[in-house]
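Chemist: In the order they appear, the protein sequences are chains A and B. Going by the working numbering, the first residue of the first sequence is number 2, and it counts up by one from there. Going by the working numbering, the first residue of the second sequence is number 2, and it counts up by one from there.
The reader is advised that the hints may include incorrect statements.
Restraint-style ranges between C-beta atoms, simulated for each label pair [to be verified]:
id, chain 1, residue 1, chain 2, residue 2, range
1, B, D195, A, L27, 22 to 32 Å
2, B, E111, A, I39, 48 to 58 Å
3, A, A109, B, E111, 44 to 54 Å
4, B, E189, A, E131, 48 to 58 Å
5, B, V68, A, N70, 43 to 53 Å
6, B, D195, A, E42, 50 to 60 Å
7, A, R118, B, R204, 33 to 43 Å
8, A, E107, B, D40, 33 to 43 Å
9, B, G72, A, L142, 29 to 39 Å
10, A, E108, B, S126, 51 to 61 Å
11, B, V68, A, G137, 27 to 37 Å
12, A, E201, B, P197, 11 to 21 Å
13, B, R129, A, E107, 44 to 54 Å
14, A, R49, B, E154, 44 to 54 Å
Output of the computed footprint for chain B on chain A, the stretches with three or more beta carbons under 8 Å from beta carbons of chain B [unchecked claim]:
id, segment
15, 87–97
16, 143–151
17, 177–189
To give an idea of the interface, some chain B residues facing chain A are shown, with a C-beta separation under 10 Å as derived from the structure [unchecked claim]:
id, residue
18, R15
19, A54
20, K63
21, T89
22, I91
23, G96
24, E154
25, T155
26, A158
27, L159
The set of hints was computed from the structure by calculation and includes no laboratory data. Predicted model only: the values in this text are computed from it and were never measured. Backbone N, C-alpha and C define an ideal beta-carbon position, used for all residues, glycine too.
Number of protein chains: 2
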Amino acid sequence: MEQSRKSRRVVSRRALANEIAQAIRLRMYRPGEWLRQIDLEEKFQATRFDVRAALEELAVRKTIEHVPNRGYRVAEIDLATYFAIRDTRIILETGAMTGVVAHITEEAIERLAVLAREFGEAVVSGTRIEQSEINGAFHHLIYAHCGNPVLEETIWALRDRSRGSQVTVWASHQALLASDRDHHAMIEALRRRDAPRLAELIRHHIDKDMVDETGQLPSLSA
Amino acid sequence: MEQSRKSRRVVSRRALANEIAQAIRLRMYRPGEWLRQIDLEEKFQATRFDVRAALEELAVRKTIEHVPNRGYRVAEIDLATYFAIRDTRIILETGAMTGVVAHITEEAIERLAVLAREFGEAVVSGTRIEQSEINGAFHHLIYAHCGNPVLEETIWALRDRSRGSQVTVWASHQALLASDRDHHAMIEALRRRDAPRLAELIRHHIDKDMVDETGQLPSLSA
DNA sequence: TGCGACTTAATTGGCGCCAATTATTGCACA
DNA sequence: TGTGCAATAATTGGCGCCAATTAAGTCGCA
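Whenever a hint applies, use it, and build me the whole structure from the sequences.
Modeler: Below, the structure written as structure tokens:
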């Protein structure tokens with residue numbers, strides 16, 4: 002009981018950074034928004050020191066950006082870096098597919114099928130956040146089976162980095178339905194252990210998710 | 002004059018971390034070696050606070066590892082992560098080649114040719130550190146022309162991470178000579194804008210540099 | 001003489017205070 | 001009424017001190 006304050010600290014070094022990252026993922030903080038240290042202190046029940054350490058970690062991971070004497074804010078990435086991240090993701094995530102087909106188990110594929118079904122349901126009756134979380138879990142589970150922890154980690158870091166943008170949320174219902182179809186096609190390719198096909202699907206998937214919504218991009222070009 | 006202390010601080014946040022990273026790259030600190038904060042304080046003329054921030058940053062970047070209440074030490078990576086980094090590097094660095102042949106200028110290729118020649122000279126009459134620096138500059142210059150800053154940065158981060166190992170230093174003179182030949186072959190392929198050939202050379206280059214020396218690997222398996 | 005517990009020394013790491021910087025508000029003046 | 005300047009308020013960030021933890025050294029005991 003009397004350790005309630007202290008145990009909080011022990012966990013916080015990395016965990017607090019992840020909690021804040023999670024909050025950014027869930028869009029509780031929008032790109033461009035300032036993260037005031039005092040607010041975070043009480044919101045996450047942490048000391049100023051821990052908050053600062055967490056913010057610094059996120060700044061190193063490029064999830065947020067640091068402006069001296071101004072503070073930290075959710076990185077607002079421009080179109081050029083946006084495409085740069087997309088292209089890098091394509092290289093990494095397609096490159097992971099040979100490993101995935103080599104290592105993934107039948108059980109894992111079944112779990113993926115369940116997630117794909119859940120995503121399909123969330124498309125019609127779920128919130129944006131639910132859709133995003135299930136989609137994240139789906140892809141996370143795929144890359145978790147590439148047999149290369151470093152690759153998995155690198156992929157995840159880049160995905161987190163691209164969240165700090167307005168374009169990652171699906172713009173249209175059509176895009177959501179297309180994503181749903183992609184997921185099922187991926188499972189099909191996984192069952193056949195067809196790495197090239199999978200890579201092509203992934204490439205298309207990333208491309209679409211990140212480009213299909215250029216309709217709302219003008220707000221970014223400012 | 003009176004800002005001598007302060008200006009030091011302004012630079013330090015990121016720069017001090019890079020200075021320490023550089024020192025690790027140059028093997029002034031060996032894998033497994035503890036980085037004592039007091040030593041770093043006077044060695045780099047920084048405050049304890051800055052040293053700690055820099056160490057934390059390097060820990061986030063996985064260049065060093067942090068053990069609570071013990072301190073920071075150069076990460077001693079095991080064989081499995083070693084191969085994981087190698088495979089991820091191959092995916093990224095070969096994937097960058099299409100961008101490189103599309104964006105690199107003739108002047109840049111000439112500068113690469115100069116570096117390749119310098120490396121060839123360093124192989125016979127230079128120190129290990131000189132060889133390593135020229136080799137780094139050569140590859141850095143290549144990836145600087147891939148037209149994708151994010152990709153370049155990711156590649157560099159991974160390269161830094163693999164330094165924390167005994168196997169990155171060239172073991173044999175033969176390996177050095179082979180590296181030298183590879184460099185010239187790369188320039189040849191660059192002149193012909195032959196991306197597939199370049200990718201194949203890079204793959205072989207990484208593979209060899211990192212595997213050819215398994216002869217001294219037993220020291221790692223401990 | 002070897003092993004274990006205790007004492008001492010060295011190192012790390014948490015945290016709060018205050019200075020430095022920046023944003024905001026209000027006021028005077030054109 | 002609009003604009004520029006000055007005072008005020010709020011926020012960030014540097015840093016030193018000391019508690020907590022760990023490693024090393026020492027002594028006693030079997």
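Chemist: All the hints need checking, so say for each whether the structure fits it.
Modeler: Hint by hint, here is what the structure shows:
Our hint of 22 to 32 Å for B:D195 and A:L27 is violated, since their Cβ atoms are close to 46 Å apart. The supplied range of 48 to 58 Å is met by B:E111 and A:I39, whose beta-carbon atoms lie about 55 Å from each other. Between A:A109 and B:E111 the CB atoms are about 50 Å apart, so this pair conforms to the stated range of 44 to 54 Å. Taken as a hint, the range 48 to 58 Å holds for the pair B:E189 and A:E131, whose Cβ atoms sit roughly 54 Å apart.
A C-beta distance of roughly 33 Å is found between B:V68 and A:N70, which places it outside the suggested range of 43 to 53 Å. As the Cβ distance of B:D195 to A:E42 is approximately 57 Å, the hint placing it in 50 to 60 Å holds. Distance hint for A:R118 and B:R204: a CB-CB separation of about 39 Å, consistent with the stated range 33 to 43 Å. As the Cβ distance of A:E107 to B:D40 is approximately 54 Å, the hint placing it in 33 to 43 Å is violated.
For B:G72 and A:L142, the Cβ-Cβ distance of about 36 Å falls inside the hinted range of 29 to 39 Å, so the restraint holds. The hinted window of 51 to 61 Å between A:E108 and B:S126 holds, with their beta carbons roughly 58 Å apart. Range check, B:V68 to A:G137: Cβ separation about 31 Å, and the 27 to 37 Å hint holds. One distance hint, 11 to 21 Å for the beta-carbon pair A:E201 and B:P197, holds here, with the actual separation near 18 Å.
Against the hinted window of 44 to 54 Å, the Cβ-Cβ separation of B:R129 and A:E107 comes to about 49 Å, which satisfies the hint. Checked against the hint of 44 to 54 Å, the C-beta distance between A:R49 and B:E154 comes to roughly 30 Å, which is inconsistent with it. Closer than 8 Å: that is the beta-carbon criterion, and the segment 87–97 of chain A has 6 residues meeting it against chain B, so the requirement of 3 holds. Counting residues of the segment 143–151 of chain A whose CB lies closer than 8 Å to any CB of chain B gives 3, which reaches the minimum of 3, so the coverage claim holds.
Residue count for the segment 177–189 of chain A with a Cβ under 8 Å from a Cβ of chain B: 0. That is fewer than the three needed, and the coverage hint is violated. At its closest, the beta carbon of B:R15 sits 9 Å from a beta carbon of chain A; the interface hint therefore holds under the 10 Å criterion. This hint holds: B:A54 has a C-beta 7 Å from the nearest C-beta of chain A, less than the 10 Å allowed. Hint on B:K63 holds. Least Cβ distance to chain A is approximately 9 Å, under the 10 Å limit.
This hint holds: B:T89 has a C-beta 5 Å from the nearest C-beta of chain A, less than the 10 Å allowed. Of the supplied interface hints, the one on B:I91 holds, with its beta-carbon coming within about 8 Å of a beta-carbon of chain A, less than 10 Å. Among the interface hints, the one on B:G96 holds; its C-beta lies about 4 Å from the nearest C-beta in chain A, closer than the 10 Å criterion. Against a cut-off of 10 Å between C-beta atoms, the interface hint on B:E154 holds, since the closest Cβ of chain A lies about 9 Å away.
Interface hint status for B:T155: upheld, as the beta-carbon distance to the closest one in chain A is roughly 6 Å, under 10 Å. For the restraint placing B:A158 at the interface with chain A, the shortest Cβ-Cβ distance is roughly 8 Å, inside the 10 Å limit, so the hint holds. With a cut of 10 Å, the hint placing B:L159 at the interface with chain A holds, because the nearest CB-to-CB distance is about 7 Å.
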